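In case you want the letters, here they are:
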Amino acid sequence: MKTFRKYSFGSKGAATTKLNALPHDEEGNPTHSHAIVHLGHLVETEGTYDDEGNELTAPVLSSTYHIDVLWDGAPLESWDSAMVWCPPMGIHTFGSSSAIAEWTEACKELHPEYFPEPSEDLI
Amino acid sequence: MSIYDKSSLVLIPSGTKTGKVFSQKPVSGDGDFTFTRASAATRVNADGNIEKETQNLLLQSNSFLTSWVRTGYTLTSGQSGYDGTNNAWLAECTSAGQALYQTSNASGVSTLSFHLKQGTANFLRLRADQSADAIAVFDLSDGSVHSFNGNVIDTNVVDLGGGWYRCSMTWNIDTLSNVQLRAEDGNGSPILGTFYIQDAQLEQGLVARDVITTTTAAVYGGITDNTPRLDYTDSSCPALLLEPQRTNELSHSEYINAAGGYAITGASVTYNSSTSPDGYTNATLFDIPYDNAGFYNFDTGGSKSVGDKLTISLFAKLKSGSVTNVLKLGYGGAAVGGDRLSEFNLSTGTISYSHPSADSVSIKDYGNGWYRLIQTQTCSADGFAGAVMYGKGEMDVYIWGVQSEDAAYATSYIPTYGSSVSRVVDNGYKDGLSVFGTNKGSFFVDAEGPNYNGIAASYLFDLSDNSSDIVNRFAVYAINQNTFNIFTNGGNSFTLDASIRKKILVIWNGTNTKVYANGVKVLDFTYANANPTSINLNSRFNDVEYGKSEFKQVLTFPTALTDQEAIDLTTI
Chain F
145 MKTFRKYSFG
155 SKGAATTKLN
165 ALPHDEEGNP
175 THSHAIVHLG
185 HLVETEGTYD
195 DEGNELTAPV
205 LSSTYHIDVL
215 WDGAPLESWD
225 SAMVWCPPMG
235 IHTFGSSSAI
245 AEWTEACKEL
255 HPEYFPEPSE
265 DLI
Chain C
417 MSIYDKSSLV
427 LIPSGTKTGK
437 VFSQKPVSGD
447 GDFTFTRASA
457 ATRVNADGNI
467 EKETQNLLLQ
477 SNSFLTSWVR
487 TGYTLTSGQS
497 GYDGTNNAWL
507 AECTSAGQAL
517 YQTSNASGVS
527 TLSFHLKQGT
537 ANFLRLRADQ
547 SADAIAVFDL
557 SDGSVHSFNG
567 NVIDTNVVDL
577 GGGWYRCSMT
587 WNIDTLSNVQ
597 LRAEDGNGSP
607 ILGTFYIQDA
617 QLEQGLVARD
627 VITTTTAAVY
637 GGITDNTPRL
647 DYTDSSCPAL
657 LLEPQRTNEL
667 SHSEYINAAG
677 GYAITGASVT
687 YNSSTSPDGY
697 TNATLFDIPY
707 DNAGFYNFDT
717 GGSKSVGDKL
727 TISLFAKLKS
737 GSVTNVLKLG
747 YGGAAVGGDR
757 LSEFNLSTGT
767 ISYSHPSADS
777 VSIKDYGNGW
787 YRLIQTQTCS
797 ADGFAGAVMY
807 GKGEMDVYIW
817 GVQSEDAAYA
827 TSYIPTYGSS
837 VSRVVDNGYK
847 DGLSVFGTNK
857 GSFFVDAEGP
867 NYNGIAASYL
877 FDLSDNSSDI
887 VNRFAVYAIN
897 QNTFNIFTNG
907 GNSFTLDASI
917 RKKILVIWNG
927 TNTKVYANGV
937 KVLDFTYANA
947 NPTSINLNSR
957 FNDVEYGKSE
967 FKQVLTFPTA
977 LTDQEAIDLT
987 TI
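Chains as they are written, first to last, in this note's numbering: chain F, 145 to 267; chain C, 417 to 988.
If you are wondering where the hints come from, they were derived from the structure by calculation, not from laboratory data.
Note that the structure is predicted; figures quoted are calculated from it, not measured.
A few of these clues could be false.
[Stated by the list, open to error] Ranges between beta-carbon positions, derived for each pair: (1) S736(C) to D169(F): 23 to 33 Å; (2) H176(F) to A512(C): 34 to 44 Å; (3) T482(C) to T160(F): 40 to 50 Å.
[Stated by the list, open to error] Derived PhoX-like pairs: lysine-lysine, alpha-carbon spacing no greater than 25 Å straight-line: (4) K780(C) to K735(C); (5) K422(C) to K930(C); (6) K937(C) to K968(C); (7) K146(F) to K735(C); (8) K930(C) to K780(C); (9) K725(C) to K735(C); (10) K433(C) to K146(F); (11) K937(C) to K919(C); (12) K156(F) to K856(C).
Glycine included, every Cβ here is placed at the ideal spot set by N, Cα and C.
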């Protein structure tokens, strides 16, 4: 089973340290089968641009450094302190339907506030 | 004796199942390759269409007694359906003000469809419930869309005959609460009454696709997790497509709208205007009235660093406009030093201008007037890069499948519907083989690739004993776009364009090793005693250093083939 989780670190260096602790061979190649995506510093405030695409104000980036992992199995507990949750739309996901469904269920259980309730007026 | 009679394993990719690519020989199945990919993907199928993952996210899609909240509704099965079965249901609303609904947390661009037929109620309302909801009302007396409002992108009705219609509504909503259906009077008020219902479906994307029936869980089909891709690009014979992990950094690849970060300048757009390369009516029409009208999008995955490689691609088809007018595509912004756009003539399917700063520019014919336009760029500074598409001259052009990858070449299309998406790496391998002789054997591939990634070696194949030991090793990999190395004892390099189709044969006989490529002996060196037991395609044994390759044929032999056999086998 693959498990999708999101992580936030204080710096790129902190994230790299964590990644380097995953199994590697003597040449530095990963020998684990987890999929890693570096999201880096997320855009917290979009930039603004004129009609020709020239930047008027630069995007504002997060100070934290973000990584998404598709674990081959359960997430490593040693990573739990960096795990973060967010509403299920808009940033990044792996294209695995089963992993997305599991993540959505886990997120909903931990953070129901990210999921809209049915309208009181169903009609 | 034919060369196939002499072989010990024949893999001509044509049959697959989840996690497996079948070999034709040995027939015992001992030669079947293991395949893994922990995500969905796309391919060009036998019909020439780009095939995606399909899904129905609703539960009990044609059994409305469970998973559906039906307060105020009575459902009776066994009704005559649109498909000639008796699988339809009669729905009777006995308490006005109620809706038949199912909880769903689907997110992004989604399409809800029901097969419906009027009873005593003519007007039926579909609703995607959230604070910013989407509503469409259908008139089943004539199969028309009565009204819609909210976050609706599009509505559609397909006449199925016999009074049945497939009614669908498409929206873009961050996260849903539920989807609903109710009878109403056409003026916004719920009513008591009856109607017939069959096959509900909720799926990603701009259109309703083939019906998928679900029971207790969502069902996914098409090119889903661990489904090998037999790709028919440019050929009636498929090839096994293996690619590295990649991300489409754009959060919307088909819904070209401000919601996905697109700034549409000057042009007007119409969604679901024409058939796209996936065979569905989900292409977006851009009416471009003058030079430099089009879009830009800086939602390309955050800040870039100098030296980063970026590749933009999209599918385009000219609807109308002068044959001399062109579409401009590339990147803009500080990271690339301003607009760096190449120009593509969609009438002739040619590149009319390659921007001098681009690493590479290409155009590929996808049939029916569609072309995939591609440009790769290296960042010249730290900063942001925007995907840019402009017209040059007045033109109407269909657009579909916009993709931005932080990489040195384009890979297969990765659809996105609200978040950037990563397709995970393909692995194709076979362990525990005993298909070679003792200290002798031959290994042949007919393949395209591997595309060199501009950074590290890209492996075409790796024969090994599943360890990093150089003994028992024959690994062929590209170290740039034109040079291959063979990694073994006494290995060497040979020149071959990585991007072209190639037939490569490695022969070892206990004394020396020869390598043939496209009918020519390219290496001959002393090396003895190799006894590989595993084959990895498009990667090293330990699943690193991937390129992008397509394998049309893989053969193994227990003997060292002769020079003439090698020439015959590898000549294209």
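Of all the hints numbered above, which does this structure not satisfy? Sort the numbers upward. Violated hints: 1, 2, 7, 8, 9, 12; rest satisfied.
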